[in-house]
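Assemble the complex: chain S is given as a structure, and chain R must be docked to it using the hints.
So the protein sequences, as listed, match chains S and R. Numbers 59 to 281, taken from my numbering, label the letters of the first sequence in order. Numbers 277 to 518, taken from my numbering, label the letters of the second sequence in order.
In short, the hints are calculated from the structure, not lab data. These numbers were taken from a predicted model, which means no experiment stands behind them. Where is the CB? At the ideal position from N, CA and C, for every residue including glycine. Some clues are possibly wrong.
With beta-carbon atoms standing in for the labels, derived distance ranges [said to hold, decoys possible]: (1) Gln221(S) to Gly383(R): 44 to 52 Å; (2) Ile432(R) to Leu107(S): 44 to 52 Å; (3) Leu143(S) to Asn337(R): 54 to 62 Å; (4) Ile110(S) to Arg504(R): 56 to 64 Å; (5) Gln331(R) to Leu107(S): 24 to 32 Å; (6) Gln331(R) to Ile110(S): 18 to 26 Å; (7) Leu107(S) to Gly303(R): 35 to 43 Å; (8) Ile218(S) to Gln299(R): 54 to 62 Å; (9) Cys263(S) to Asn337(R): 58 to 66 Å.
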Amino acid sequence: MSFFAQFDLSVIGPSLPFIWTGLLFTVKLTVIAMTGGIILGTLLALARLSPITPLAMAATWYVNLMRSIPLLMVILWFFLIIPLLTGKPMGAENSAIITFTLFEAAYYSEIMRAGIQSVPRGQVWAGQAIGMTYAQTMGHIILPQAFRNMLPVLLTQTIILFQDTSLVYAIGAKDLLKAAEIAGKNYNRPVEMYVFVAFVYFVICFALSRLVKHLQSRIAIIR
Amino acid sequence: MIEINNVSKWYGQFQVLTDCSTQITKGDVVVVCGPSGSGKSTLIKCVNGLEAFQQGNIVVNGTSVGDPKTNLPKLRSRVGMVFQHFELFPHMSITENLVIGQTKVLGRSKEEAQERGLKLLDRVGLKSQADKFPGQLSGGQQQRVAIARALAMDPICMLFDEPTSALDPEMINEVLDVMVELANEGMTMMVVTHEMGFARKVADRVIFMDHGHIVEDATKEEFFGTPRSERAQQFLSKILSH
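The following block holds chain S by itself, in its conformation from the complex (with noise of 0.2 Å):
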């Protein structure tokens, strides 16, 4: 008997709503990490180009350990020491969505901080001249461009950021890897589910990088 005679791609359709809830954690996790990860980025990339040392030091080094780590230690570290410190536990989903904001912030952290330097050093001095604070002059005029120079790269990142997802596996936090996981041992189809839940992450991570393409040609500032 062939191997894939012994495919059996019926388990499938019963487990969908299940993998499906899987999906949703997933995506949550993204998003969720995705929008905390660029704010705290942002933050964390002014404060690398910030003319108050102490401050830039403290980004930089923040950066530089995140950025030296393994995702997956930092997973294990977080889930396994925030019961240690506050004495209760912290469920799965709730750690995973935490540690994946501080990790992804240092990575979006670089690409503002390049974002911002790309922005001739005149808009500053326009934005100045005209009166305004280096808040307003960063939120009007700076920030908006780098952010739209970086969107492709952004997005990029968001790419990546939804396949190391599939990590919180590690903690027992149901996600689209987990769900699909369960559904194959209920099923005894492990191999089947694994391959529907690759699928699944191909066509997204796929679609998310036609994405990129279609806005890199769209988004251009006129210049």
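Just chain R now, with coordinates in the frame of chain S:
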């Protein structure tokens, strides 16, 4: 209006400005010229505090620029500045460029700011371009918008940092015309430029800088007649010979 007293500035070990002093009274047009790297642009950026200086003081309309207690954004909102590379905000339409300072800094209503902005846009001859983006305009047009943007803040004086250096020759005049008109209306202006025709036409005084020093500070007639310093004579002969 603008007093510059014994200003010195260093970039690390390198001294860019040495003991610069001059003053500009209300209504005066002062042209600053000199070879590149002589510190002209640095000096004019010190006037509204875009560049910090280490020694001396600059007083604009009674406010000391170098004083840490000075509210620089407030002071800058009253001092218009025009840059070599225009520095319009590329992600905003022309109208938005004219409005943002008025609403965010001066607290004007959007309607009021738009009306004022469009009036000034009309004045520089670009009313039809209101909805375009900076990237769709020529250099000369962008610089005229930049002048309108500065004027929209109702400045007490205007600083021009090489406003025509980045322009194609045929666009220089459309910008200079706007500046001449402004000068004739009595605007106090400090202009870093090599356009000696402009200086001849409207300047009250000409300042010549070299290696961070103010070498010559004379009335227009004196400067173009008999510059006292040899360096200024050399510079003039090079710049006026063609």
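Now the hints, each set against the structure:
no., hint, result
1, Gln221(S) to Gly383(R): 44 to 52 Å, "47 Å, holds"
2, Ile432(R) to Leu107(S): 44 to 52 Å, "32 Å, violated"
3, Leu143(S) to Asn337(R): 54 to 62 Å, "57 Å, holds"
4, Ile110(S) to Arg504(R): 56 to 64 Å, "47 Å, violated"
5, Gln331(R) to Leu107(S): 24 to 32 Å, "27 Å, holds"
6, Gln331(R) to Ile110(S): 18 to 26 Å, "24 Å, holds"
7, Leu107(S) to Gly303(R): 35 to 43 Å, "41 Å, holds"
8, Ile218(S) to Gln299(R): 54 to 62 Å, "59 Å, holds"
9, Cys263(S) to Asn337(R): 58 to 66 Å, "59 Å, holds"
Hints 2, 4 from the earlier list are contradicted by this structure; the remaining hints agree with it.
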